[in-house]
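Asks: Place chain B on chain A using the hints.
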Amino acid sequence: MQVTSARDGASLTQLVMKQQEREHRNFQIKVVISWIALFALLLFLFSGFRLGDLKTIQLDGSFMSEWAPFIAEGVVVTLEICFISIFFASILALLAALGRLSHVAPLYALATFYVSLIRGTPLLLQIFFWFLALPQLGIVLPGMVAGVIALSLNYGAYMSEIFRAGIQGVSKGQREAALALGMTQGQTMRRIVLPQAFRFVVPPVGNEFIAMLKDSSLVSATGFVQDILWRAQKVGRANFHTLEALLIAAAWYWALTLIFSAIQSRLEKRLSRGDR
Amino acid sequence: MSIIRVSHLDKLFGRLHVLKDVSLAVEPQEVVCIIGRSGSGKSTLLRCINFLEQPTHGVIEVDGLVVNVAQHRLTDQQKQTIHQIRLCTGMVFQEFNLFPHLSVLDNLIEAPLTVKGTPRDQATALAEKYLDKVGLMSKRNEFPARLSGGQKQRVAIARALTMEPKVMLFDEPTSALDPELIGEVLDVMKDLAKEGMTMVVVTHEMGFASEVSNRAIFMDQGELVEEGPPHKVLANPSDPRTRQFLERVL
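From first to last, the protein sequence lines stand for chains A and B. Mind the numbering: the first sequence is residues 0 to 275 in numbering that gives the first Met the number 0, read in order. Mind the numbering: the second sequence is residues 0 to 249 in numbering that gives the first Met the number 0, read in order.
Fair warning: there could be bad hints in the mix.
Short, incomplete list of chain B residues facing chain A, as computed with Cβ under 8 Å [claimed, not checked]: (1) His82; (2) Arg85; (3) Phe92; (4) Glu94; (5) Asn96; (6) Ala110.
Derived by calculation from the structure, the hints in this document are not laboratory data. Where is the CB? At the ideal position from N, CA and C, for every residue including glycine.
Just chain A, same shape as in the assembly (with noise of 0.2 Å):
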């Protein structure tokens, strides 16, 4: 008796799962066309298609295939800047979090003040005054220089709290283990507690990444950077032609987001595979 209802109740539970198994699927489906048929209308209202009085946006094609390949070497120089600025920007940041964390008030007046100063003025300002500003000073950086000191700066500021919730995410139980095996508190931080905070940092500052991907194209606000953008509305308004410019420079922005979603989904996936 209780073993057929045992193996009714397995049964069951199989069922269900495999129902709600099929559903999540089929949404998937749905989802994946909706995302086409999307596209697909986005396509249509660039496309110069004519139906009676209605007419969708015409593009000029012979413009786009001529200075594509003008806009497109922007790429190399939207990610040279990305990821040096992000390189530094976790270097800021994780300075910034111990700063946070420290005991010792000049240091952890100086983090928080950083972070206070930077969140509260814009990026574009901070931009500027790398490039700008500072040449009254008769110190004149090259726009690149300056730009990637301004997004190191900012998204080092904001990327300190990912830092700190890394830093604090490791048990206290690692750093009671550590210190009562004879570590002092800096050979805790860098041989147990950093390694571990490591991976709880590495998703998030993949997300800020693909956020200054974006973010990366305010340098281009300098007119030294020959960025994505900066080529796609010298091109753009020199023929007049910018909605043509800025599409294709969106198109690239969009799929080096996609490109690197994706890598850091997979990332994020291995990592948390990790062992614990």
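Replies: Relative to chain A, chain B alone:
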């Protein structure tokens, strides 16, 4: 001469008086079990010995190293002494606290390498000796996540031993384990005791306490209520509080 001497120890967490004028001496090769209900201060007492918890007031002496805590701020000299104390005390935690990002072997050699500057081959040899002792040589290259609770705790014991401490502190080493895994950890601890390791064990394992320890201590509300040979304290306690506690757990 006592290897551990705790004199007039007080510990306050805010207004909570967790340890009240506790004094205790442990002789070399002695196995002392501390029992009592949760919140009695027994873990705090243990953690004060290696300063994972800083006493509010009192004197801690381990292997001739003395720290007299009279004020909250420790001097650099005292911090140095605490470091020395930690080097000669090994600690085993309830939650194992193995380093999850390091393999079993790397867990063991981490402290010898970074703290003592032991050459890697020597540290590895030492680590293997203790892994063998706890019967986990085969798990040398595994990561902690792949071990059972009992195996984790045995690795944690081996990790502490690899620093070759003079005293081992155990903070409820079997409390986080499934009942069927407790035995393997207790066996390792019994072997250690037989070899003459000085051990202070905070535990709920009355069997272990009566079988292995030389002395049992009962604590209640931050006070050391009763101490003596385990057969006396556990079987025939003189204090009513001890009797009440034992009636409840046995």
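Asks: With reference to the structure, classify each hint as holding or not holding.
Replies: Consistency of the hints with the structure:
Annotation: interface hint on B:His82 holds; nearest CB of chain A at approximately 6 Å, less than 8 Å. Given the 8 Å rule on beta carbons, the hint for B:Arg85 holds: about 5 Å separates it from the nearest Cβ of chain A. Checking B:Phe92 against chain A: minimum C-beta separation of about 6 Å stays under 8 Å; hint holds. Hint status for B:Glu94: holds, given a least beta-carbon distance of 5 Å to chain A, under 8 Å.
A cut of 8 Å between beta carbons decides the hint on B:Asn96: the least distance to chain A is about 4 Å, and the hint holds. Evaluation of the B:Ala110 hint against chain A yields a held restraint, the C-beta minimum of about 4 Å falling below 8 Å.
Hint check: no violations occur; every hint is consistent with the structure.
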